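Q: Below are the chains, spelled out letter by letter.
2 protein chains.
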Amino acid sequence: MNCYTYNEISVGDIEAFTVTITDEMMSGFGAITGDMNPLHTDELFASAAGFKSKVVYGMLMASFMSTIAGMYLPGKHSLIHKIETEFPQPCFVGDTLSITGEVVNKNDTFKTIELKITARNEAEKKVLRGKMRIGVLQ
Amino acid sequence: MNCYTYNEISVGDIEAFTVTITDEMMSGFGAITGDMNPLHTDELFASAAGFKSKVVYGMLMASFMSTIAGMYLPGKHSLIHKIETEFPQPCFVGDTLSITGEVVNKNDTFKTIELKITARNEAEKKVLRGKMRIGVLQ
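Keeping their order, the protein sequence lines are chains L and Z. Numbered per our numbering, the first sequence spans residues 262 to 399. Numbered per our numbering, the second sequence spans residues 262 to 399.
You may find that some hints are simply not true.
Claimed, not checked - Here are the computed distance ranges between Cβ atoms for each label pair:
1. L/309 / Z/275: 36 to 42 Å
2. L/281 / Z/264: 28 to 34 Å
3. L/308 / Z/283: 30 to 36 Å
4. Z/390 / L/268: 28 to 34 Å
5. L/264 / Z/264: 44 to 50 Å
6. L/386 / Z/305: 40 to 46 Å
7. Z/295 / L/399: 19 to 25 Å
8. L/359 / Z/309: 32 to 38 Å
9. Z/305 / L/271: 29 to 35 Å
10. Z/365 / L/368: 38 to 44 Å
11. Z/354 / L/308: 35 to 41 Å
If you are wondering where the hints come from, they were derived from the structure by calculation, not from laboratory data. Quick caveat, the model's predicted, so the values are computed rather than measured. The beta carbon of each residue, even a glycine, is placed where N, CA and C say it ideally should be.
Pulled out of the complex, with its shape left as it was, chain L reads as follows:
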């Protein structure tokens, strides 16, 4: 886990990690949220809706924004204030995503940073793009 303080962070800093979406993550996310929508749980329904297989929960992908902030940038001293995200392409179980956060702004008055977030699959298709405003507690 990184421990960057506010003063150690500069606009342009980038952190990234990769994660492979598993069936266990899908069932775990469904169990926590109670979202049993068939697009995420039923191959036949997803296929009839025009997708090659079950679609990964958008909010499961968005949950890795928690990881980039809490573990990488800034890491330990992170407190998320606000997020925005959209899902330009569907993501499927088995996809390996590269999650990247880049510092695009700093606010010295409030000690907050703004990150631009992208998640890309192996084919370099963007499955998530977003922004976060994060307080840096030290």
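Dock chain Z against the given chain L, drawing on the hints supplied.
A: Below, chain Z alone, put in the same frame as chain L:
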């Protein structure tokens, strides 16, 4: 699970549910995302940072936006395009949240709806406010 079609949904429609945040949800969310930030896992760290106990992951709360869309409004025919959310107050394990979604806009061209989302704790404090744009597949 509700199965509202696009034509059955009107601006002003509201759906809501309640959920109590448990330690199992917290550890499950940490296991899925790999976010082991001590603000969410270490009582002493959270206390030293000025909170009464471990702070619930913001993105765990935001994950219930998946539930309101996928199970309630519109339910079965949901496909989330975009979300925005912020966390005006901290949430703690044991809090029971009322999650509410209200239709504030419809786009007949794209068959999308816009929901305003709030999550309030038992003391009626707003711990999440957000917006979602959701495609309605039928």
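Q: For every hint, state whether the structure bears it out.
A: Status of the hints after comparison with the structure:
1. Restraint check, residue 309 of chain L to residue 275 of chain Z: a C-beta distance of roughly 30 Å breaks the suggested window 36 to 42 Å.
2. Checking the proposed 28 to 34 Å range against residue 281 of chain L and residue 264 of chain Z shows it holds: the Cβ atoms sit about 32 Å from each other.
3. Distance hint check for residue 308 of chain L and residue 283 of chain Z: the Cβ-Cβ separation is about 34 Å, which falls inside the suggested range of 30 to 36 Å.
4. In this structure, residue 390 of chain Z and residue 268 of chain L meet the distance hint of 28 to 34 Å, their C-beta atoms being roughly 31 Å apart.
5. Checked against the given bound of 44 to 50 Å, the beta carbons of residue 264 of chain L and residue 264 of chain Z, roughly 48 Å apart, stay inside it.
6. At about 43 Å, the beta-carbon gap between residue 386 of chain L and residue 305 of chain Z stays in the expected band of 40 to 46 Å.
7. At roughly 22 Å, the beta-carbon separation of residue 295 of chain Z and residue 399 of chain L lies within the given 19 to 25 Å, and the hint holds.
8. With their beta carbons about 34 Å apart, residue 359 of chain L and residue 309 of chain Z fall inside the hinted range of 32 to 38 Å.
9. The supplied range of 29 to 35 Å is met by residue 305 of chain Z and residue 271 of chain L, whose beta-carbon atoms lie about 31 Å from each other.
10. The beta-carbon spacing between residue 365 of chain Z and residue 368 of chain L, approximately 29 Å, falls outside the hinted interval of 38 to 44 Å.
11. Between residue 354 of chain Z and residue 308 of chain L the C-beta distance comes to about 39 Å, which sits within the given range of 35 to 41 Å.
Consistency note: the structure conflicts with the earlier hints numbered 1 and 10.
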